[in-house]
Amino acid sequence: DGGITQSPKYLFRKEGQNVTLSCEQNLNHDAMYWYRQDPGQGLRLIYYSQIVNDFQKGDIAEGYSVSREKKESFPLTVTSAQKNPTAFYLCASSGTGNQPQHFGDGTRLSIL
Amino acid sequence: EDQVTQSPEALRLQEGESSSLNCSYTVSGLRGLFWYRQDPGKGPEFLFTLYSAGEEKEKERLKATLTKKESFLHITAPKPEDSATYLCAVQAGGGYQKVTFGTGTKLQVIP
Chain A
1 DGGITQSPKY
11 LFRKEGQNVT
21 LSCEQNLNHD
31 AMYWYRQDPG
41 QGLRLIYYSQ
51 IVNDFQKGDI
61 AEGYSVSREK
71 KESFPLTVTS
81 AQKNPTAFYL
91 CASSGTGNQP
101 QHFGDGTRLS
111 IL
Chain B
1001 EDQVTQSPEA
1011 LRLQEGESSS
1021 LNCSYTVSGL
1031 RGLFWYRQDP
1041 GKGPEFLFTL
1051 YSAGEEKEKE
1061 RLKATLTKKE
1071 SFLHITAPKP
1081 EDSATYLCAV
1091 QAGGGYQKVT
1101 FGTGTKLQVI
1111 P
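Those sequence lines, one after another, are chains A and B. First residue of the first sequence? That's 1 in the working numbering, and the numbers climb one at a time after it. First residue of the second sequence? That's 1001 in the working numbering, and the numbers climb one at a time after it.
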């Protein structure tokens, strides 16, 4: 079945550590996105990529980095510069035009 | 700036008690309005896309409608399994497919 796979489901970060969240899709979508979800807030866009080897900052990119070396993969690194990383992270993908985004089941990141 | 406001924040219904969720939006050049369902600890699940005022979409007990300023998600005779958070999102015109999400309505259906 086509879909979006995020891993791990739970992740713990120590002080000063970088961690990487995985996102893989087999929907053949060109565009991929990373969002952060905090209680009581709407989804906030971290980074997006419309094509391989190209990506753009979203509304809250500070302290995060991404790469898009393959169409299927869009990993997110939460760096030590992100001072408040505890959140639920969601990866999404979409086709071209005004097609809806489809989401993975998220990674919950916590601080040790 | 694009804005999406959902109301109410939370809604508790008895099984079989129909109701509606509201999504008010301000966007320059609406390209699409999306409804999602999100269960605890899961990613949002796509339900509907509406593209123009007057459009309606249905799926089982859910019906989504769209006007120039708001969208409604009508839930007819809900069941406990309809309990979830329902998210509304809008996509504006322009080159990039930016989508703005509301904060959701948390629906609880009591048996």
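Mixed in with the good hints, there may be bad ones.
Label pairs and their calculated CB-CB ranges [what the hints assert, rightly or not]:
hint	chain 1	residue 1	chain 2	residue 2	range
1	A	Y10	B	T1026	22 to 30 Å
2	B	R1061	A	L112	38 to 46 Å
3	A	T5	B	S1020	46 to 54 Å
4	B	S1018	A	T96	45 to 53 Å
5	B	Q1014	A	L112	28 to 36 Å
6	B	S1020	A	G40	34 to 42 Å
7	B	T1026	A	T5	20 to 28 Å
8	B	E1001	A	G63	31 to 39 Å
9	B	G1016	A	K14	46 to 54 Å
10	B	Q1003	A	N18	45 to 53 Å
Short, incomplete list of chain B residues facing chain A, as computed with Cβ under 8 Å [to be verified]:
hint	residue
11	R1031
12	R1061
13	T1065
14	T1067
15	P1080
16	Q1091
17	Q1097
18	F1101
Rather than coming from a laboratory, the hints here were simulated on the basis of the structure. We put the CB at the ideal spot given by N, CA and C, even for glycine.
Checked hints:
1. A:Y10 with B:T1026: 22 to 30 Å: 37 Å, violated
2. B:R1061 with A:L112: 38 to 46 Å: For R1061 of chain B and L112 of chain A the Cβ distance comes to about 43 Å; the hint holds.
3. A:T5 with B:S1020: 46 to 54 Å: Cβ of T5 of chain A to Cβ of S1020 of chain B: about 35 Å, so the range 46 to 54 Å is violated.
4. B:S1018 with A:T96: 45 to 53 Å: With Cβ atoms ~37 Å apart, the hint is violated.
5. B:Q1014 with A:L112: 28 to 36 Å: 43 Å, violated
6. B:S1020 with A:G40: 34 to 42 Å: The hinted range 34 to 42 Å is violated for S1020 of chain B and G40 of chain A, with Cβ atoms some 22 Å apart.
7. B:T1026 with A:T5: 20 to 28 Å: 35 Å, violated
8. B:E1001 with A:G63: 31 to 39 Å: 23 Å, violated
9. B:G1016 with A:K14: 46 to 54 Å: 50 Å, holds
10. B:Q1003 with A:N18: 45 to 53 Å: Because 34 Å falls outside the window, the suggested range is violated.
11. R1031: At about 4 Å, which falls below the 8 Å cut-off, the nearest Cβ of chain A leaves the hint on R1031 of chain B intact, so it holds.
12. R1061: Cβ of R1061 of chain B sits 20 Å from chain A, so the hint is violated.
13. T1065: Nearest chain A Cβ about 17 Å off; hint violated.
14. T1067: 18 Å, violated
15. P1080: 22 Å, violated
16. Q1091: The hint holds - Q1091 of chain B has a Cβ within 8 Å of chain A, the shortest such distance being about 6 Å.
17. Q1097: 6 Å, holds
18. F1101: At 4 Å from the nearest chain A Cβ, F1101 of chain B passes the 8 Å test, so the hint holds.
Comparing the model with each numbered hint stated earlier shows that hints 1, 3, 4, 5, 6, 7, 8, 10, 12, 13, 14 and 15 do not hold.
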